[in-house]
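Asks: Start from the sequences, fold in the hints, and give me the full structure.
2 protein chains.
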Amino acid sequence: MTFSTPVRDMRFILEHAAGFSALERTGAFPELSDDLVAAVMEEMGKYCDQVVAPLNEGSDRDGARLENGVVRTSPGFKEAYGQYVEGGWNSLAFPEDWGGQGLPATLANALVDALNGACMSFAIGTTLTTGAVKAIMHAGTDEQKKLYLEKMVSGEWTGTMNLTEPQAGSDLSAIRTKAEPVGDGRYKISGQKIFITYGDHDIADNIVHLVLARLPDAPEGTAGISMFIVPKVHVNEDGAIGARNDVQCIKLEEKMGLHGSPTCVMAFGENGECYGTLLGEENKGLKNMFVMMNSARLDVGLQGVGVAERAFQRALAFAQDRRQGRAPGVKTGDMIPIYEHADVRRMLLDMKAMTEGARGVCYANAVAYDLARKAPDEAARREAAALEGLLTPISKAWSTDRANDVASIGVQVHGGMGYIEETGAAQHMRDARIAAIYEGANGIQAMDLVGRKLQGDGGAAANAFISQIAKEADLAGAAKREDVAHCGRRLAEAASALQKSTDALLETAKSDQEAVLAAAADYLKQFGNVAAGYYLTRGAVAAALLVNEDASGAGYYESKIELAKFFADRYLTEAVALTDAVTAGAMPRIDPELLSA
Amino acid sequence: MTFSTPVRDMRFILEHAAGFSALERTGAFPELSDDLVAAVMEEMGKYCDQVVAPLNEGSDRDGARLENGVVRTSPGFKEAYGQYVEGGWNSLAFPEDWGGQGLPATLANALVDALNGACMSFAIGTTLTTGAVKAIMHAGTDEQKKLYLEKMVSGEWTGTMNLTEPQAGSDLSAIRTKAEPVGDGRYKISGQKIFITYGDHDIADNIVHLVLARLPDAPEGTAGISMFIVPKVHVNEDGAIGARNDVQCIKLEEKMGLHGSPTCVMAFGENGECYGTLLGEENKGLKNMFVMMNSARLDVGLQGVGVAERAFQRALAFAQDRRQGRAPGVKTGDMIPIYEHADVRRMLLDMKAMTEGARGVCYANAVAYDLARKAPDEAARREAAALEGLLTPISKAWSTDRANDVASIGVQVHGGMGYIEETGAAQHMRDARIAAIYEGANGIQAMDLVGRKLQGDGGAAANAFISQIAKEADLAGAAKREDVAHCGRRLAEAASALQKSTDALLETAKSDQEAVLAAAADYLKQFGNVAAGYYLTRGAVAAALLVNEDASGAGYYESKIELAKFFADRYLTEAVALTDAVTAGAMPRIDPELLSA
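Listed in order, the protein sequences are those of chains A and X.
In terms of my numbering, the first sequence has 200 at position 145, counting the first letter as 1, and numbering is strictly consecutive.
In terms of my numbering, the second sequence has 391 at position 336, counting the first letter as 1, and numbering is strictly consecutive.
Mixed in with the good hints there might be a few duds.
In this list, chains with the same sequence are indistinguishable; a pair is considered to hold if it fits within one copy or across any two.
Unchecked claim - DSS-like, lysine-lysine: derived pairs with alpha carbons at most 30 Å apart:
1) Lys-535 <-> Lys-555
2) Lys-200 <-> Lys-189
3) Lys-189 <-> Lys-233
4) Lys-306 <-> Lys-233
5) Lys-386 <-> Lys-565
6) Lys-386 <-> Lys-233
7) Lys-429 <-> Lys-189
8) Lys-386 <-> Lys-339
9) Lys-339 <-> Lys-243
10) Lys-189 <-> Lys-201
11) Lys-201 <-> Lys-133
12) Lys-386 <-> Lys-342
13) Lys-189 <-> Lys-101
14) Lys-200 <-> Lys-133
Hints listed in this document are in silico derivations from the structure and should not be mistaken for laboratory results.
Replies: Pasting the structure below:
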């Protein structure tokens with residue numbers, strides 16, 4: 056089984072759905088051009104397909120191991136990571152000041168998509184480094200930046216987020232890890248953290264842990280959490296690595312999937328000799344954490360897209376190869392490839408439509424991220440920031456929920472073979488499953504959406520986005536091609552249903568936050584369906600023009616319209632129905648004893 | 056983690072949703088009474104909870120192994136199976152002629168539900184024996200019945216189905232296993248079969264394989280397949296077991312889940328010494344196979360119900376135990392159990408509503424099975440048989456699809472802990488995944504529904520069932536309680552949408568079977584949502600009466616109404632939208648090259 060980074064699809068969605076060209080127009084990326092994007096993505100595809108993708112199955116069978124206190128990664132990871140650093144892949148979108156290439160973050164996000172398609176357990180380590188770099192750039196002192204950033208931007212050193220403790224999962228107010236000032240600007244750190252992705256490994260020389268902990272006099276709850284830089288190996292003033300810090304991986308979790316990614320229980324200061332420095336202000340650790348986390352949330356959405364793409368490619372290859380049965384009414388002759396059966400095509404188109412819909416949402420989110428920072432005028436930056444904020448929980452939760460669906464359908468396409476580990480389809484399902492959980496479980500994303508994102512600005516961002524969708528729906532609805540017009544009508548109905556839900560939630564929010572939270576997950580699903588349908592419809596509208604301009608690509612452009620229609624008839628219609636769930640009222644509080652009787 | 060067979064729920068659904076009391080009224084089960092049912096189900100619960108359920112986690116870690124050509128089952132399986140035989144659990148619903156207890160098959164189906172909740176990998180072996188007994192009762196000669204039935208009814212010997220070959224998965228026309236008559240009434244069998252559940256094991260003294268094979272002069276395709284009884288150990292004329300037959304398990308598959316269930320590659324006649332006898336007529340093997348298979352399909356649906364129940368119970372227990380966060384607006388004080396969070400309750404109610412909906416469909420299917428055989432008058436039997444036929448693919452496919460959903464939500468409720476194997480939630484998700492695949496993948500069930508079941512009688516059975524649902528919807532819609540009336544209105548809308556889909560498919564079928572097949576899966580989903588909503592609404596209508604009659608159970612009956620309403624607002628509304636998917640037309644045939652670009 057090979058994997059092929061879907062460069063053509065990625066570029067189509069960037070350009071025709073996500074509005075990537077707006078980034079060139081900002082002027083903030085002087086080197087950016089279509090040719091450059093094409094070249095970067097071709098090279099990216101080669102690296103992912105040839106170097107990373109072949110590691111995927113081996114990393115599942117022969118995952119990370121803890122040996123004498125040291126984590127050994129899967130065969131080939133160290134070498135592939137070396138090529139990642141050497142190829143400059145880690146530095147793509149970081150500022151040139153720190154050795155980066157100054158390209159749009161959107162391209163780095165596209166790389167996350169491609170890398171996770173190639174091998175999710177390899178790819179997710181790089182996401183953590185990105186988050187840590189952003190946090191240090193945001194809150195670090197000049198000295199901290201000088202000590203850490205260059206090596207982290209290049210990827211020579213990796214980064215982690217150390218948030219979770221056994222008693223504090225989604226609720227960070229319960230964090231107990233301690234940090235005591237020792238008087239020389241350093242802090243002594245002590246405590247345990249769990250679920251630390253790539254908390255230890257052998258692919259890079261140093262690991263820069265960003266650790267949430269409490270100062271001795273810190274207030275209770277989340278207002279008393281500070282963030283610390285705690286390197287695995289101390290860094291001397293000249294930037295060279297020195298002595299080992301008192302940080303250990305003491306256990307690797309045995310997980311359902313993602314065996315190639317070491318998930319560590321980390322012990323800080325077991326021997327009382329763990330030192331770190333404060334990152335940002337005292338007791339403001341959560342603020343920095345959200346800098347890491349917002350970026351990581353989009354990346355996790357893209358992990359979903361990537362693993363879905365791989366599950367799709369595997370299922371598609373199987374469906375072309377595997378022969379079973381005959382066409383309706385045909386009794387004799389050779390068996391036909393199962394791709395010829397309508398129900399198998401339904402499964403594959405479903406996988407593809409969900410994957411591309413999620414890709415559209417995530418890429419648009421990425422473009423909004425860049426515009427929020429690089430658009431020339433303040434109003435455009437503010438508008439983009441509002442869209443970025445709104446889309447982030449949707450990118451994260453909707454894409455990863457769909458990734459679970461896609462990977463499960465991938466198993467189904469394989470029939471009995473899908474349940475056999477050797478086939479490989481099951482691995483994608485097991486790997487994908489984590490993405491809906493970590494970086495804020497999808498229920499948390501839904502609360503973020505109906506809370507800070509929707510109520511935070513009184514619905515302004517949501518309403519603006521829905522208006523934009525309604526306009527696109529009208530445009531598509533007026534198309535001369537009936538299939539595109541059909542998509543437009545479906546999109547208009549779905550946008551109107553989403554508006555109804557939005558109005559209802561804002562009204563309910565005045566009196567009953569419980570009922571708003573009860574509706575959160577259904578609202579996020581509805582929003583995701585509509586947003587994905589919007590970006591697919593934009594692609595279809597563009598494709599309807601391109602089909603006349605570029606005859607050689609006609610089949611490809613037609614396929615984009617067919618996918619958009621497939622999605623519209625299933626997911627935009629589902630979106631219409633979801634208003635009933637969103638407005639169903641408070642969540643019953645049935646006595647648990649009666650629920651299991 | 057303990058499991059508790061949900062006896063109260065099972066009885067509620069039997070009596071108030073599935074119409075079990077109609078079986079008493081047939082007079083065909085003279086011993087049947089409420090007291091007997093209560094006693095049987097209590098004992099069943101005890102056996103499942105105390106003997107079987109404790110095996111579940113160990114069977115995942117320490118699954119079946121192939122050692123020197125012999126399959127060793129997980130620790131404790133042999134003993135638990137011994138108690139199963141001794142307790143008479145296998146013989147519950149078989150005729151007294153063969154040592155059975157002559158109770159309704161519905162009670163045996165309830166046992167399948169309970170056993171699979173306790174330990175799916177243990178339970179599924181028993182299902183195969185049931186199917187084999189039915190096939191031999193249906194098609195066996197007197198001698199075959201005498202040789203095999205008594206031991207199989209008691210469970211002392213188990214049975215298997217040997218259908219699948221590497222080149223012939225869902226398409227049995229491609230079967231190549233050979234059967235050559237040797238002149239004394241016996242046949243020499245040679246060939247390999249794959250995916251044979253409990254093809255070998257150490258829990259019983261003999262295994263009676265029912266094997267599909269071709270006679271030398273057999274016509275091509277499915278019209279040339281015969282069925283053979285091939286025992287693992289030959290049975291002498293006096294019924295004692297004799298010499299070993301030339302049947303071997305040569306490989307165990309490494310599966311995503313269900314590690315306790317040996318999935319065997321079986322070699323028949325590797326040494327040219329495998330003998331069997333013909334079961335039924337030459338070349339009519341598929342007919343017998345469907346006798347086994349129809350019964351097995353309902354049982355697989357119930358496997359889905361069982362594993363969903365267990366996933367639900369685990370998640371519910373975790374949600375009561377795990378403390379995280381506080382109520383909206385509350386900033387200080389102790390953290391609350393996550394069950395208190397609206398979104399967590401949403402997940403749990405979703406799990407419970409889907410599980411009970413599926414239980415309703417499967418139990419109603421079981422009652423129809425019994426009535427089709429035992430109702431006193433011919434018309435009633437015919438009507439019940441039509442409903443049984445209609446519901447079977449829905450029981451199988453809808454219940455197992457929902458089981459996948461439920462088990463995945465169960466992982467989600469656990470957050471990060473859900474992804475760690477030690478927690479146990481992941482096992483349910485891995486175990487559940489097979490049920491949508493085997494016994495005819497769910498796509499095959501959908502084709503059965505729109506083909507033989509819908510078109511076979513010109514829509515008569517479907518239309519009759521939908522009318523029945525519409526009547527119940529009117530009844531509920533006229534209820535004095537607003538919540539029940541709300542369910543009734545939702546059900547009426549959904550039934551009307553299902554009628555629209557049904558009419559459209561019957562019309563399309565006149566000209567375009569491809570388009571019918573393209574719609575099959577969405578139609579099955581819609582049908583399942585409506586059927587499950589129907590049985591839940593019936594339960595709610597009954598509960599609304601019972602709540603006044605039995606004050607001590609008021610909370611319980613109220614919970615049934617709340618669940619029905621939860622389901623109606625999500626799944627009956629989804630059913631309304633599904634008509635758009637069902638009527639979306641032919642499935643695009645996009646060039647696969649363009650789908651992965």
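Asks: Compare the structure with each hint and give your call.
Replies: Right, here's what the structure says about each hint:
1. Lys-535 <-> Lys-555: both (29 Å within a copy, 29 Å between copies)
2. Lys-200 <-> Lys-189: within (11 Å within a copy, 75 Å between copies)
3. Lys-189 <-> Lys-233: within (24 Å within a copy, 67 Å between copies)
4. Lys-306 <-> Lys-233: within (21 Å within a copy, 54 Å between copies)
5. Lys-386 <-> Lys-565: This pair counts as between: shortest inter-copy Cα distance 19 Å, intra-copy 64 Å.
6. Lys-386 <-> Lys-233: This pair counts as between: shortest inter-copy Cα distance 22 Å, intra-copy 73 Å.
7. Lys-429 <-> Lys-189: within (16 Å within a copy, 72 Å between copies)
8. Lys-386 <-> Lys-339: between (71 Å within a copy, 17 Å between copies)
9. Lys-339 <-> Lys-243: within (18 Å within a copy, 79 Å between copies)
10. Lys-189 <-> Lys-201: Answer is within; shortest intra-copy Cα gap is 14 Å, inter-copy 77 Å.
11. Lys-201 <-> Lys-133: For Lys-201 and Lys-133, only the intra-copy Cα distance (26 Å) is at most 30 Å; the inter-copy one is 66 Å.
12. Lys-386 <-> Lys-342: between (67 Å within a copy, 18 Å between copies)
13. Lys-189 <-> Lys-101: within (27 Å within a copy, 57 Å between copies)
14. Lys-200 <-> Lys-133: within (26 Å within a copy, 64 Å between copies)
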